[in-house]
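There are 2 protein chains.
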Amino acid sequence: MTTQHDLFDSVKEQTILTQIAALSGWDALTGMPKDAGHFRAEMDAYLAEKLFQVSTGSARKKILEDLEADDSSLDNLGHLVLQKARKDFDMTGNIPEQDFIAFQKTLSEAQDFWARAREANDYKVYQPYLERIISYLKQFIPLWQKNEKTPYDVLLNQYEPGLTVEKLDAVFDQVKNGITTLRHKLSANDSIPNDEFLSRKVTKAQQSKYAMAAAQRLGYNLNKGRLDDTIHPFMEALNRDDARITTRWDENNFQMAVLGILHEAGHGLFEQNVDSKYDDVRSVLPISMSIHESQSLFNEVMVGRSKEFWAVEYPKLQAIVAPTFDDINFDQFYQAWLKTEATLIRTEADPLTYPLHIIIRYEIEKAIFNDNVDISDLPALWNKKYKEYLGLEVPDDLTGILQDIHWAGGSFGYFPSYALGHLYAAQFRATMTKTLDFKAIFESGDYSPIFEWRKEHIWQYGGAVDPNKVLEDATGEPLNPQYWLDFVNGLYENVN
Amino acid sequence: MTTQHDLFDSVKEQTILTQIAALSGWDALTGMPKDAGHFRAEMDAYLAEKLFQVSTGSARKKILEDLEADDSSLDNLGHLVLQKARKDFDMTGNIPEQDFIAFQKTLSEAQDFWARAREANDYKVYQPYLERIISYLKQFIPLWQKNEKTPYDVLLNQYEPGLTVEKLDAVFDQVKNGITTLRHKLSANDSIPNDEFLSRKVTKAQQSKYAMAAAQRLGYNLNKGRLDDTIHPFMEALNRDDARITTRWDENNFQMAVLGILHEAGHGLFEQNVDSKYDDVRSVLPISMSIHESQSLFNEVMVGRSKEFWAVEYPKLQAIVAPTFDDINFDQFYQAWLKTEATLIRTEADPLTYPLHIIIRYEIEKAIFNDNVDISDLPALWNKKYKEYLGLEVPDDLTGILQDIHWAGGSFGYFPSYALGHLYAAQFRATMTKTLDFKAIFESGDYSPIFEWRKEHIWQYGGAVDPNKVLEDATGEPLNPQYWLDFVNGLYENVN
Chain A
0 MTTQHDLFDS
10 VKEQTILTQI
20 AALSGWDALT
30 GMPKDAGHFR
40 AEMDAYLAEK
50 LFQVSTGSAR
60 KKILEDLEAD
70 DSSLDNLGHL
80 VLQKARKDFD
90 MTGNIPEQDF
100 IAFQKTLSEA
110 QDFWARAREA
120 NDYKVYQPYL
130 ERIISYLKQF
140 IPLWQKNEKT
150 PYDVLLNQYE
160 PGLTVEKLDA
170 VFDQVKNGIT
180 TLRHKLSAND
190 SIPNDEFLSR
200 KVTKAQQSKY
210 AMAAAQRLGY
220 NLNKGRLDDT
230 IHPFMEALNR
240 DDARITTRWD
250 ENNFQMAVLG
260 ILHEAGHGLF
270 EQNVDSKYDD
280 VRSVLPISMS
290 IHESQSLFNE
300 VMVGRSKEFW
310 AVEYPKLQAI
320 VAPTFDDINF
330 DQFYQAWLKT
340 EATLIRTEAD
350 PLTYPLHIII
360 RYEIEKAIFN
370 DNVDISDLPA
380 LWNKKYKEYL
390 GLEVPDDLTG
400 ILQDIHWAGG
410 SFGYFPSYAL
420 GHLYAAQFRA
430 TMTKTLDFKA
440 IFESGDYSPI
450 FEWRKEHIWQ
460 YGGAVDPNKV
470 LEDATGEPLN
480 PQYWLDFVNG
490 LYENVN
Chain B
0 MTTQHDLFDS
10 VKEQTILTQI
20 AALSGWDALT
30 GMPKDAGHFR
40 AEMDAYLAEK
50 LFQVSTGSAR
60 KKILEDLEAD
70 DSSLDNLGHL
80 VLQKARKDFD
90 MTGNIPEQDF
100 IAFQKTLSEA
110 QDFWARAREA
120 NDYKVYQPYL
130 ERIISYLKQF
140 IPLWQKNEKT
150 PYDVLLNQYE
160 PGLTVEKLDA
170 VFDQVKNGIT
180 TLRHKLSAND
190 SIPNDEFLSR
200 KVTKAQQSKY
210 AMAAAQRLGY
220 NLNKGRLDDT
230 IHPFMEALNR
240 DDARITTRWD
250 ENNFQMAVLG
260 ILHEAGHGLF
270 EQNVDSKYDD
280 VRSVLPISMS
290 IHESQSLFNE
300 VMVGRSKEFW
310 AVEYPKLQAI
320 VAPTFDDINF
330 DQFYQAWLKT
340 EATLIRTEAD
350 PLTYPLHIII
360 RYEIEKAIFN
370 DNVDISDLPA
380 LWNKKYKEYL
390 GLEVPDDLTG
400 ILQDIHWAGG
410 SFGYFPSYAL
420 GHLYAAQFRA
430 TMTKTLDFKA
440 IFESGDYSPI
450 FEWRKEHIWQ
460 YGGAVDPNKV
470 LEDATGEPLN
480 PQYWLDFVNG
490 LYENVN
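Listed in order, the protein sequences are those of chains A and B. Using numbering that gives the first Met the number 0, you'd call the opening residue of the first sequence number 0 and step up by one each time. Using numbering that gives the first Met the number 0, you'd call the opening residue of the second sequence number 0 and step up by one each time.
This is chain A alone, in the form it adopts within the complex (with noise of 0.2 Å):
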């Protein structure tokens, strides 16, 4: 008779592999040597090639048919182990063989092409590739649908449950208005702050010391962590004990290092701090990305840009990399550390603007799916959204829609989340303040209490309870971005 524990034992090995893929995805990034590439890719090809097996094998498909004639044998945490392995199952299980093969190869050559085209910046190069990705994914979704109303809603799906383009545009618009309106009130005033000290040189060593003794006070713990130099900052968590960092370093722009290991420490966080029993069924309970990106969103921005932490930790910064900021006063600081500036790349963005660069996705990605715009149209239209949304003109594809590798990886669905993680951290950030006095922790030494609320009503659970309810049990309603707009609202009324 097949048991949870048959479930378990297959899900555990699905959690073995993915560990040791996070551990060569790691290396890669690190520090593995420049000519071992293509050695690399055979071990990952392997381990793809297993991961597969194991979560849409015909063991697994067996183990999950059995289960669902028969239940006896689950409890809680089988019922979710079961429903989220049959999610996994479907994903691929429902889709035929050779086109699953077609699609991973088009995937590679696009990311490939995408990079080709940002060398030409061209983004003909790339369009072929990214027409193909759209149709596959048009055929799929037909294949995935389930009560979803629209086809791109089934995207939204995979990467956060119970998202739905109703909600999000109701949402989006509130965010939109919400933003354009500050940032007139904004520009009508022309004070500038002088960041120019921002820029002057501060050690990477003294950079490592401060940021990474701020990301402790804030509960990182390098016992279950570390920090590694990288190109493109991410967090790799291996499991709860083994939740690594990366940063790049500028030793004329501290504030990018400074802020990007706050973080990055806040995913390491989340990570370090999820309940034990999930440990072997990990794999099948991954944290979704909007929850994932409000925890590493509110240490960069709920704490990292916020005056009471800066009003504390100012001083602590200045003595470590004295005498450098020594002619700087807190107001000074604080007014620089907060500058705003509409930017093209999503990635630069500060906190004010940088959903809009996400709305512009998103109704991209819309217009593809639901009403399937001509692909060879996207630029005109990417170029018209960032004249009317942020006041800028694209000058060239590169720093325009070839700026993202994501729709090269077929993520369509994905950037959302980057803007429902600042919703989110915002949205918490309202709530815990109803009970935690933040200039006060922070004025102690202490930030524990801050942590002991994340820990319990988010990071516990990992991914084991779907985001909303996560946001709804631990703010007591449902998503709501006035939170977020209040905060930018505070966070800006005194600058600029």
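Keep in mind that the hints were calculated from the coordinates and are not lab data. There could be a bad hint or two in this list.
Remember, identical chains collapse to one label, so a pair may be satisfied in a single copy or spanning two.
[Claimed, not checked] Below, simulated DMTMM-like cross-link-like pairs (lysine to aspartate or glutamate); rule was C-alpha separation at most 20 Å, straight line:
hint, residue 1, residue 2
1, Lys276, Asp34
2, Lys454, Asp34
3, Lys49, Glu12
4, Lys33, Asp349
5, Lys83, Asp70
Note that the coordinates shown come from a computational prediction; the quantities given were computed from them, not determined experimentally.
Could you slot chain B onto chain A? The hints should help.
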């Protein structure tokens, strides 16, 4: 029909699993977060189980038997791979499964009790586990034995194909006598070189800059390797394009890291230069320990202790650490660099006395397996031999019989390879000097003739050719310890 293709596919899977295990091993020793050990243990156990299945499972068994019955599909490499895969299979395949599992369990307990015995400085804590390991090995030896003359020959052969007690007795007698004669000569000369300056502070950055540049001059390629910090230095090769080295640092003893990096880079050089035709089958063609060690020791001793190398390198070192050694001339430097002193601890031994440490272990291992000496008598036997061969009183078990972990891991027969590495290195060097002028090569700044010789005669073969054949083909004669005795006599004739 089973063909070479099936064999190579199976061995390639083994190779990929070996590569994954190597990455995990490297990570665990260089920077894995402290708390992550229990997750890693599960991952490593999973990999070990998969490796065991692939190399000794029923699928492999069928491939071996089919190809042994009909080898018409095999080319030369195919025959070699078949023979080595069979050897792998028989190592564990001939042992009853429950005994194999019990033996593995004993080994892991023994390593724990070895550590506890070291803490208690008491051999007796460890003795019962050592007895059990030896008893298992005595039970397995008849199952492994083919045409080896004595039980201990069986163990020697597992690490060094073709090695026998008969050969080693003769070789080690000659080495022992030669060292003893030279040590008497040296002790008659009582001028002790001043080596105080070797403890002057040299920063880690300076040590690394000098040693890595020197390693690269000898051919170590950083596009196919990297340097990490560790407690116990090692080289870990995932594949020929990823041969990583580690070192430990002491700012008041730069000699340790410089010689250590040259040593590990010697291992790395070998791995980086194995012919690519062995890429997929390297898991069944491991490079023999003695021949591997001959190349690390070639770097460390044949080059790293030689006068012609340092005559050219010392000014480079001086420049990097300036002004630290500006007052030390080359003769003062070189006298100190070569200083020899007998020590109780093998890993701290100088090049002259090192083989005596190995000979002591060899003689004890031989007594255990061929003469059935009582395990409780080993400490007394150990201490007697240290007195006799090195003139040292062993004050306790910690600095005596408990110093090495090898026996707790079941690695009897392994130690002799350490000594053979020294002898091979000297024999290779003697042959090279017939056609290569080391002094002129170092002075030219282009060390590639030495690199090319080693690649052509040694490295390219990897583990595909037995070590004694590599030695004979490269040097034109079987192992002759006189080359090593001549080398150390030459090294020490003008010092101490």
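For each hint, the structure was consulted:
{"no.": "1", "hint": "Lys276 to Asp34", "in the structure": "between (40 Å within a copy, 17 Å between copies)"}
{"no.": "2", "hint": "Lys454 to Asp34", "in the structure": "between (42 Å within a copy, 19 Å between copies)"}
{"no.": "3", "hint": "Lys49 to Glu12", "in the structure": "both (10 Å within a copy, 11 Å between copies)"}
{"no.": "4", "hint": "Lys33 to Asp349", "in the structure": "neither (34 Å within a copy, 36 Å between copies)"}
{"no.": "5", "hint": "Lys83 to Asp70", "in the structure": "within (15 Å within a copy, 49 Å between copies)"}
Hint 4 from the list above is the single one not met by this structure.
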